[in-house]
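Following the hints, put chain B in place on chain A, whose structure we already have.
Each chain is listed here by its residues.
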Amino acid sequence: MYNVFTATWMLLAASAFARADDGRSSIAFNRDIRPLLTDNCFACHGPDSAGRQADLRLDHRESAIESGAVIPGSSDESEMIARVMSRDPDFMMPPPDSHKKLEPHQQELLRDWIDAGAQWEEHWAFIMPRKAPLPQPPGIDDWANNPIDHFVMEKLHELGLQPNRPADRYTLARRAALDLTGLPPVPALVEELIEGSRDSYSRYIDSLLALPQAGEHRARFWLDAARYGDTHGMHVDNYREIWPYRDWVIGAFNANMPFDQFVVEQLAGDLLPRPTLDQRIATGFSRCNITTSEGGAILEELNVRYMVDRVETTATVFLGLTAGCAVCHDHKYDPISQNEFYQLGAFFNNTTQPAMDGNQRDTPPVVTLPKTEFEDEWEQLMEECQSLRRELRQWKSGAANAWAIREREHEHVIGSDNLALWMPLTKGADDSMVLPEGAHWATDHPAGRRGIRYGGDSELSIEFPTLRSDAPLTVSFWFRTPDRVVGTTLFNQTVTTTKDKTVDGESVKSEETVGWKIESGVQNSLTFELFDDSGEHIKALLPDNEALTPRSWQHVCVRYSGGQSQSSVTISVNGTAVSLRHGTDALVNGAPLASAPLKIASHLPTAGLSDIRIYRRWINDQEVQLLAEDHLVRSLLDSDDAWDELDARQQARFGRYYDEVIDENYRERAAKLSDTQRRRDFIYARSTTSLVMQDRESAPRAWVLQRGEYDQRRDEVGPDVPRVLPPIGENDPRNRLGLARWLVRPGHPLTARVTVNRLWQSVFGVGLVRTSEDFGVMGDRPSHPELLDWLAVEFVEKGWDVQHILKLITTSAMYQQSGTVTADQLAADPDNRLFTRGSRIRLAAEVLRDQALSVSGLLRDDVGGPSVRPYQPAGLWKVVAIVGSNTNHFKQDSGDGLYRRSLYTFWKRTSPPPSMAAFNAPTREQCTVRRERTNTPLQALVLMNDPQFVEAARHLAERALQRHEDDGARAAWIFSTVLSRPANEAGADVAELLAAAGEFRDIFQHDADSARALVRTGDSVPDVSLDETELAAWTMVANILMNRDDFVSK
Amino acid sequence: MNPIDRWIELETRRQFFGTSAKGLGTVALASLLGRPTTAQATAAIGAGHFPARVKRVIWLFMAGAPSQLDTFDYKPDLVDWYDRDLPESVRQGQRLTTMTASQPRFPIAPSLFEFERHGECGKYISELLPKTGSMADKLAFVHTMWTEAINHDPAITYIQTGNQIPGRPSLGAWISYGLGSMNADLPEFVVMNCEPRGQALYSRLWGSGFLPSKHAGVAFRAQGDPVLYLSNPGGVSGETRRLMLDRLQSMNQRIYQQVGDPETQTRIAQYEMAFRMQSSVPDLIDVTEEPRHVLELYGDDVHTPGTFARNCLLARRMAERDVRFVQIFHRGWDHHGELPTNIRRQTKEVDQPAWALISDLKQRGLLHDTLVVWGGEFGRTVYSQGTLEKTNYGRDHHPKCYSMWLAGGGIAGGVTHGQTDEFSYNVVRDPVHIRDLNATILHLLGIDHARFTVKHRGLDERLTGVQAEARVVQEILA
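From first to last, the protein sequence lines stand for chains A and B.
Count along the first sequence from 1, add 11, and you get the number used in our numbering.
Count along the second sequence from 1, add 395, and you get the number used in our numbering.
It should be emphasised that the hints constitute simulated quantities derived from the structure, not laboratory data.
Warning: the hint list may mix true and false statements.
Each computed BS3-like pair below joins lysine-lysine, with the alpha-carbon atoms no more than 30 Å apart [claimed, not checked]:
| # | chain 1 | residue 1 | chain 2 | residue 2 |
| --- | --- | --- | --- | --- |
| 1 | A | K512 | A | K889 |
| 2 | B | K743 | A | K889 |
| 3 | A | K112 | B | K850 |
From a predicted model like this one, the values you see are computed outputs, not experimental measurements.
Bound conformation, chain A alone:
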């Protein structure tokens, strides 16, 4: 038994000895002096060059000595001491206005340290870890299972504490299963453990680690760090598809992928030689940051934000450093300069990713995972496109030679193939045309007197072939946005019929439209819509805030490849494709569209149209550009200049014209490429995609930003790592691959330490370093520094073997202790940082839900796949989402989707899953490596009332009633199922449950409606053969057990 008196005496004795012995040599810089300097001095005399006062820095010995602040061996002559001891407000340090103060004993400590020679040490975390010899405290041989125990016992011994007795095997079985798989144990495994021999526990741990659920559980922690979510996270917060990355993480943990490889593939899988699809998917790690597509946002500002987030995440997750402070200025405490921050930034600043995410699921770059039936075709298409593109890129254009005879080329029409309709609507060409009432020839077209300006409604109706939803269509036109604030209808070939439908047994009339149309909104938005004959519909929108220029002519080209999907539509304005917003992932069938006349300009008051061309093919980007610059091409052809006298733009323009319009060989190849568009769009829209990293070909670089502001560029910097850490490998490239290899190179002091610390934290709720996100000088020092270092070295020596470390932890004697605690233990070790007892903490959000589903028998065990939408109170998404967001309306899954493990729950970042948020799940808007663990009434409400938990209780009750007739047996069975231990030693609890069952039965017997309502909670249908009163009563019994303290804790 721990003795308070002895421990206190020993502590006093230890310090007394230290003083008596030498009084000086025992001062350790990192332990005794650095904290004083950090708290009181570094803000002005530390690493931050801009904030530094009097050009004095105390984080470097040379600088401190050179300045005279510190004179080793002579505190009386050291200015630091004179200042520290002074009471003169103008002279004293720290200065009065800093609100900081050194206590007399701290002042003495500084004095002693200087007198002893003023030794500096590097901050502990920057020194390479080494394995210290294993301590051999008395009694260790009787207790220790492995080296962890030696370090733990050493500390207990120092403090005169004793470990707890071992936990009973049922408790241990449950604890280990929850820690390693996030689920309660399978009864069969527990039986093996209980009945097995001495080494059966080790085999039990191996069995747990081998379960696919172990990888899922491990992935859950990682996804917090990676800030994984299923939406973009800002503004519209639309769906983002990146779950294949989540599945990659699960797979990597289940394969026990060496952690160094795990790091390299996530940070730089795409840069490995001939990367596999999986290695590219792994780079989703750096694509999990939140992004936006808010209209009006400034691109460079966004790019800087994304880069900063990637640096902060990488630094936090792998280095355990809070690099973020160095965005605006040199770090105040840690040796990371502002320059170095942006050098790290350069590694990530070379992406091909657009600043605006487009509110689409597949913001490029992405990898495509086609459905099985399309895999071969997709590969063929990709190869064909690649070879055609290469051919066209290397095409020797005949444009220069053709320039001399350009006059002959005047007659060619841009894009004449498959031109179904051409209406120039140009005065001159259409002189015979009778203008509709109120209309007049336009005078403000940039190409001169072209186009018609309309008055009121003046519809032009022409015969037009019936199109198909699986065939391409291009509509090119000049559009003068209206003077008035009105919506307009430009093209419309639709048929609307009224059909009788039966809704809820009642016959109602409903309108169904088939066909296509192009409209513009009051604020000059533009939409293309296509309605198939089955009620499905796609809509491509150029939204208000990215809209067409008001009261101006512009060339618009809408292309639909026939790929039967929203993503098959491109809209270009003045020759350039614009990003479309609010895209759904809707698909349409392949069928004929409307057999109807095409109506043009049916409602265009004060707006104008000109040069309408409709093609029954998908024209390519160059052709779109040529159509937009047709008038410029024409005037270029009239030029008298020789080829050499043309400027580059003019040469390019004629080059385009020659290749695309005149050169038949080129046109044939280009058409072939265009013909692949329909199938590519079709297969792509039906594929899974995943966001990945891809670099531009140029060398990575970044700019140091004044105060971190995107438009305040200072010096350009290349990619590099902070000087305080070992240099990047000489043979490693200066890109993300070099950075990744550097993180896991031998001799790196941080990555292994930070990683084993998080593994430790995942088991005990707190790491050996409490601040698992901050190993810098402001972070906590490790509780057991030598243990941390031993584990870090062991981790690397054993090939970065994650499961090895987890097995070491869970098979240690320390881990296997009982979780009971006495008042004395609580006083000596309130937070169990000394490991005087087994870990007994509240389970995490995901584990709580998964455990409930598991014991009730509802849990699905399939691994991976798209995220699911289990129960959540209605209206939560709608109340925050913008209208038009595709995560505005929460549509709950039915069936299996309700009962999957929680790491598959759809994570909308602006409104995270509420039952998990109540239990401290983060929003995943930024990297989180440490969750809080609170205990609140809102949590009690979730566990008592969330339909997910109520349904689980009912399902558990059903199983009890199906298995056992006898109340006692029912109570015992439920007890042992919920708590994974037999009920035979829990007589009082079982008696309590029986009494409760009786009470509930009384209530429900007199209230059949309530019984029925309770057992109908949730989507699954209760067993109709069971008596509802009985089921309701036992549901409440299960509800009690599933709220018990020892169910909620491990």
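Just chain B now, kept in the frame of chain A:
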């Protein structure tokens, strides 16, 4: 260890040794969100840095950014500028959102609405806000609010959390952390969202960032349970729940006897608190006992849950129950186009209820120690976005100046602070950054924003930014 946790720990241990386990339970029982009732003992800065002028804050947040030109910032001379271009000398190359950056011209759109003088102060207020006008002498107007952010998501995150990038605690969370709770039955920070319309909201706007999550705002809902998962499942009455809890608590007591983990005692207390909330929250939102003349004060909308009017009434009921910080988000103020139509609807929804709230608080003697704030995340441009017509125009985002009002304890009524140029484009005198507003709110609560810091990742974080300057707007204080 932060001071709160240390106190709880010490207190827990004292109780542990000093009294029976039951005694410990009582301490924990008194907490709502894991915290004892005595606010000053548990809060990070106790009673504050200096005497507070107000005990609580009600913030009427106009999400989407109302046009200052059509509400409070009266610019009569703009009529002469109709459809003329905004002079380049005014814009000074200032950055525009990419929505209007490509516009060929920037035609000035004078407000379509008449402004009238109100009260003894003679404040000009738009005809859209007659009730607000009638209480002009109680309000302090700031015409020179400004921010750096020009898009909704970063801007609203900025004013709510002091930073454009997600991850920081919201104002309400800071206040909860700093001052603790004044009541045992309800959260100290409540958020109410009105009908979804226009721009998005984000749960981070009332999040706790790096502060303990118990300081996050609790979002009361108009639909379903007012607080998530508050209601028992169908078929479970209060009596059934009580029976279930009695059995549960008895079992948990037994676990505590066997294991000795104080966390078990806290859990027992939290379940009791949950049970109490099952009656205190429904009681709070039940307005059926409100007299007719009070309901009439707030207007017809008050009968519909989720409206701004109903939420204002609930805010008053929360003020009575000493909920410290209430924030109502009224959405739909992002008027890029068709501003006149849209703003008529918006102002109609907020004008009377805001007036009613102030009057009701006043009548009940609550206004003198309650601060009420009205405003959005930025302002809107004097020039029209899209097409300008005599009776129709739109306005783009404008961060350089916009208007807000404050009322209640410590506020000087009838004051107008700050002056904008004739286009309400630039600040001529007395700029008030959104940080200054937050510093002022904290000041009225007795908190010095500069000293109200939390160590996080090596920085002394504060609501008003680690390094930025902020000043209390003394000019609007009584």
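Task: Pair hint outcome, K743(B) versus K889(A) [Cα-Cα no greater than 30 Å] - done: Satisfied, since the Cα-Cα distance of roughly 23 Å is no more than 30 Å.
- [ ] Please work out if K112(A) and K850(B) have their alpha carbons no farther apart than 30 Å.
- [x] holds, 17 Å
Open item on the list: Just to be careful, I want the Cα atoms of K512(A) and K889(A) compared with a cutoff of 30 Å; is the pair within it?
Closed with: Holds, because 29 Å separates the two Cα atoms, which is no more than 30 Å.
In terms of the numbered hints stated before, the structure departs from none.
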